[in-house]
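Going down the list, the protein sequences come from chains Y and Z. Residues in the first sequence are numbered from 1 upward in steps of one, following full-length UniProt numbering. Residues in the second sequence are numbered from 1 upward in steps of one, following full-length UniProt numbering.
Source of the hints: derived by calculation from the structure; they are not laboratory data. It is possible that part of the hints are untrue.
Stated by the list, open to error - Sample of chain Z residues at the chain Y side, in silico, Cβ under 8 Å:
#: 1; residue: Y25
#: 2; residue: L64
#: 3; residue: S186
#: 4; residue: L223
#: 5; residue: T260
#: 6; residue: D278
#: 7; residue: A283
#: 8; residue: G337
#: 9; residue: W340
#: 10; residue: T341
#: 11; residue: G344
#: 12; residue: L418
#: 13; residue: G437
#: 14; residue: A441
Backbone N, C-alpha and C define an ideal beta-carbon position, used for all residues, glycine too.
2 protein chains.
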Amino acid sequence: MTKELDHGRTNAAHGSRIDAYVDRYAARATGMVASEIRALFAVASRPEVVSLAGGMPYVTALPLDLVGELVADLVATRGSVALQYGSGQGDPALREQICEVMRMEGIEAGADDVVVTVGSQQALDLITRIFIDPGDVVLAEGPSYVGALGTFSAYQAKVVHVAMDDQGLIPESLAQTIYALQTAGSRIKFLYTIPTFQNPAGVTLNEVRRRQVLEICQRAGILVVEDNPYGLLGFDGEPLRALRADDAEGVVYLGSFSKTLAPGFRVGWALAPHAVRDKLVLAMESAVLSHSTFTQLAVGQYLTTQPWREQIKAFRELYRERRDALLGALEVLMPDGCTWTRPGGGFFVWMTLPEGLNSKAILPRAVAERVAFVPGTGFYSDGGGARHMRLSYCYPEPDRIREGVRRLAGVIEQELQLRDTFGTGSVPGHAGVDTPGPDLA
Amino acid sequence: MTKELDHGRTNAAHGSRIDAYVDRYAARATGMVASEIRALFAVASRPEVVSLAGGMPYVTALPLDLVGELVADLVATRGSVALQYGSGQGDPALREQICEVMRMEGIEAGADDVVVTVGSQQALDLITRIFIDPGDVVLAEGPSYVGALGTFSAYQAKVVHVAMDDQGLIPESLAQTIYALQTAGSRIKFLYTIPTFQNPAGVTLNEVRRRQVLEICQRAGILVVEDNPYGLLGFDGEPLRALRADDAEGVVYLGSFSKTLAPGFRVGWALAPHAVRDKLVLAMESAVLSHSTFTQLAVGQYLTTQPWREQIKAFRELYRERRDALLGALEVLMPDGCTWTRPGGGFFVWMTLPEGLNSKAILPRAVAERVAFVPGTGFYSDGGGARHMRLSYCYPEPDRIREGVRRLAGVIEQELQLRDTFGTGSVPGHAGVDTPGPDLA
Numbered sequence: 001m002t003k004e005l006d007h008g009r010t011n012a013a014h015g016s017r018i019d020a021y022v023d024r025y026a027a028r029a030t031g032m033v034a035s036e037i038r039a040l041f042a043v044a045s046r047p048e049v050v051s052l053a054g055g056m057p058y059v060t061a062l063p064l065d066l067v068g069e070l071v072a073d074l075v076a077t078r079g080s081v082a083l084q085y086g087s088g089q090g091d092p093a094l095r096e097q098i099c100e101v102m103r104m105e106g107i108e109a110g111a112d113d114v115v116v117t118v119g120s121q122q123a124l125d126l127i128t129r130i131f132i133d134p135g136d137v138v139l140a141e142g143p144s145y146v147g148a149l150g151t152f153s154a155y156q157a158k159v160v161h162v163a164m165d166d167q168g169l170i171p172e173s174l175a176q177t178i179y180a181l182q183t184a185g186s187r188i189k190f191l192y193t194i195p196t197f198q199n200p201a202g203v204t205l206n207e208v209r210r211r212q213v214l215e216i217c218q219r220a221g222i223l224v225v226e227d228n229p230y231g232l233l234g235f236d237g238e239p240l241r242a243l244r245a246d247d248a249e250g251v252v253y254l255g256s257f258s259k260t261l262a263p264g265f266r267v268g269w270a271l272a273p274h275a276v277r278d279k280l281v282l283a284m285e286s287a288v289l290s291h292s293t294f295t296q297l298a299v300g301q302y303l304t305t306q307p308w309r310e311q312i313k314a315f316r317e318l319y320r321e322r323r324d325a326l327l328g329a330l331e332v333l334m335p336d337g338c339t340w341t342r343p344g345g346g347f348f349v350w351m352t353l354p355e356g357l358n359s360k361a362i363l364p365r366a367v368a369e370r371v372a373f374v375p376g377t378g379f380y381s382d383g384g385g386a387r388h389m390r391l392s393y394c395y396p397e398p399d400r401i402r403e404g405v406r407r408l409a410g411v412i413e414q415e416l417q418l419r420d421t422f423g424t425g426s427v428p429g430h431a432g433v434d435t436p437g438p439d440l441a
Numbered sequence: 001m002t003k004e005l006d007h008g009r010t011n012a013a014h015g016s017r018i019d020a021y022v023d024r025y026a027a028r029a030t031g032m033v034a035s036e037i038r039a040l041f042a043v044a045s046r047p048e049v050v051s052l053a054g055g056m057p058y059v060t061a062l063p064l065d066l067v068g069e070l071v072a073d074l075v076a077t078r079g080s081v082a083l084q085y086g087s088g089q090g091d092p093a094l095r096e097q098i099c100e101v102m103r104m105e106g107i108e109a110g111a112d113d114v115v116v117t118v119g120s121q122q123a124l125d126l127i128t129r130i131f132i133d134p135g136d137v138v139l140a141e142g143p144s145y146v147g148a149l150g151t152f153s154a155y156q157a158k159v160v161h162v163a164m165d166d167q168g169l170i171p172e173s174l175a176q177t178i179y180a181l182q183t184a185g186s187r188i189k190f191l192y193t194i195p196t197f198q199n200p201a202g203v204t205l206n207e208v209r210r211r212q213v214l215e216i217c218q219r220a221g222i223l224v225v226e227d228n229p230y231g232l233l234g235f236d237g238e239p240l241r242a243l244r245a246d247d248a249e250g251v252v253y254l255g256s257f258s259k260t261l262a263p264g265f266r267v268g269w270a271l272a273p274h275a276v277r278d279k280l281v282l283a284m285e286s287a288v289l290s291h292s293t294f295t296q297l298a299v300g301q302y303l304t305t306q307p308w309r310e311q312i313k314a315f316r317e318l319y320r321e322r323r324d325a326l327l328g329a330l331e332v333l334m335p336d337g338c339t340w341t342r343p344g345g346g347f348f349v350w351m352t353l354p355e356g357l358n359s360k361a362i363l364p365r366a367v368a369e370r371v372a373f374v375p376g377t378g379f380y381s382d383g384g385g386a387r388h389m390r391l392s393y394c395y396p397e398p399d400r401i402r403e404g405v406r407r408l409a410g411v412i413e414q415e416l417q418l419r420d421t422f423g424t425g426s427v428p429g430h431a432g433v434d435t436p437g438p439d440l441a
């Protein structure tokens, strides 16, 4: 039928890949372009490649048969609820259980202040949606989580990075940055921080600094968004006290079952002051009506029937062994001039290359040598990070990690030879944004 | 700890319900306020109330034990995939199956152009996100789906309603509206339409008009967003041909398993031209990283192992019986002056009250008499709909539907007596937006 009509709009586009809508998109969408780096990662997902790139938890460690039984039981006995629409705020019983989980980090909160979200990524999206007008400033550690930077960018926020060291965010830098921005008239809407086992840097904000960061933000009237997916995955001692535990009105806390149970359920949450919580629920309904009752009840059933604290301990042991494998191999194999962080938990090591080397330029060669990582530039919104890379130890088994490091060390050795011969290592082929896809976030 | 600090920001808010962030929200969030109508619906969910308000499908009709078995099997045999992160675009096998479902409505499409979303509500949200700048115009039927109006409003779109009659959208009105808006310099971004068994009106766009609507939008260069959750739930004959079946480049099609299987999985989708699809995937990743692999594979497993076409037939018979119960009871019981639509499928009847009556004002009295409906004003963004109400027949059993109509007819009789005595029926107590929650959408 369409052939008979006058296609003022679609003549050029019919059957072609030209975008007929190119001049119709919203301003926020014009920057949404897929990066060249993605094609490389498609190659990197082949089994012969050791991927130190992905942030995927090792879900195979779960008792899959038991999880299968509990979801079957859930559908058979409570199917008419589990398969139905739920409330925008999320299942009340699960919200109670979430409060129990948060209590492990010193948080005292009521289920009424929790909003269940489609992973904590959606909590980030909704917080940004309700607070950010185009041009507003978000403060974030430099480097910071690539998925958060993508969301802030989608709402046209201006991200300003605050320096960190191996004890996390530097309070003096935070105070100076805020002062400079506020003096210049910028509207700072919130500080986005991953204080514990940071992604990608693997560092943790120490206790003294936690108090200082809260105090600085309170004085400046800046909301703190505390993203804490890895807090229960520490390798030493008890979980750290969350920022939210010491400031109920100034902190929005984001949590997730993606790393302590499984990302396939997409169950995360936000804990927020009452008024913010109200807005989050309305934004949630506008975005997806309600989250999947089925997955929410499945997570609730898991928490009720399975020894979840023991499972988290098992995950901790597993990831500690892998971290040790990665750090040990780096120590033995990496050429002089490379440095890296030593995470006390979580999934990631942040490595700094010798001067003159560029991690994005090295990636194609590394993939050819069957090892992958995420270049550092993805974790900065200001072009920083070229000499850095994120190495994940969460997914490959220890022997594979060591083999991956061996391959990567070989590639870096070659790059150093290039540099010493020509004055520089490989240079990146393009300067675009290099946001990896969901499995690498 | 916080007590020792200077709380420039939180003095007023600590321990109180005052919103300390009231001057910090984004412009788009200022209109996000919960409506008074919600408190009423909380009451309406009590078992003694017959709810003709909710749009909840009757999932109890599903073979729950079999669904339980298939999800157990899924976790036990493919758990390491089902519980892991997935791709932003959605599971490739499920996208193939979605194409098979859409073929029932004459759509020929490749899985590569499908994006799986968190219900079709999220598809709506993402489409709006990539196309709408504040002030842009969205055309929509008057009345239209309350959840869509909420999303458009959240992105600060201006919704302009186009008149419809019992054959759906009126092409002449569409053409005139477009002409007037474009002449006035408005940027019309898309037409949002539910052509088949419309929510809330229950009417269906006839075949001649389908061609006309497509032609008008093509000539004017306006994208059509075809929302089709009910298309397979027709009571007579074969499914209608979708608009998308006749225009692959000018239509974004939104589909859902919420009504043909179950809303608790939150699996919907968008089928879009290539370039728009690319933007949708990037917006999806920014919003939630990826949808739940677990629920996607569960839906895929259901489609693979269960007689899903037969199940849809069973749903059709069930809903046809309930529609007949509702229409029959309205015919017998409603006072003169009430009129209503006669849906050929889907979930909803749209009723018009006699002059001088206001459906929002009647709602509290109706709830006191143990029957609930959704007032018409929620389905208009311009204050229209006061004399209308949406009656859903999808959830209550036929006898309950008849009882609900009996109660409602009694309330309307009383209102008519009020009107005849005082010149008007009850008047609404407030003039706010009355958006109901997710289970009523």
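Evaluated hints:
no.: 1; hint: Y25; in the structure: holds, 6 Å
no.: 2; hint: L64; in the structure: holds, 4 Å
no.: 3; hint: S186; in the structure: violated, 14 Å
no.: 4; hint: L223; in the structure: holds, 7 Å
no.: 5; hint: T260; in the structure: violated, 12 Å
no.: 6; hint: D278; in the structure: holds, 6 Å
no.: 7; hint: A283; in the structure: holds, 7 Å
no.: 8; hint: G337; in the structure: violated, 34 Å
no.: 9; hint: W340; in the structure: violated, 25 Å
no.: 10; hint: T341; in the structure: violated, 24 Å
no.: 11; hint: G344; in the structure: violated, 23 Å
no.: 12; hint: L418; in the structure: violated, 34 Å
no.: 13; hint: G437; in the structure: holds, 6 Å
no.: 14; hint: A441; in the structure: holds, 6 Å
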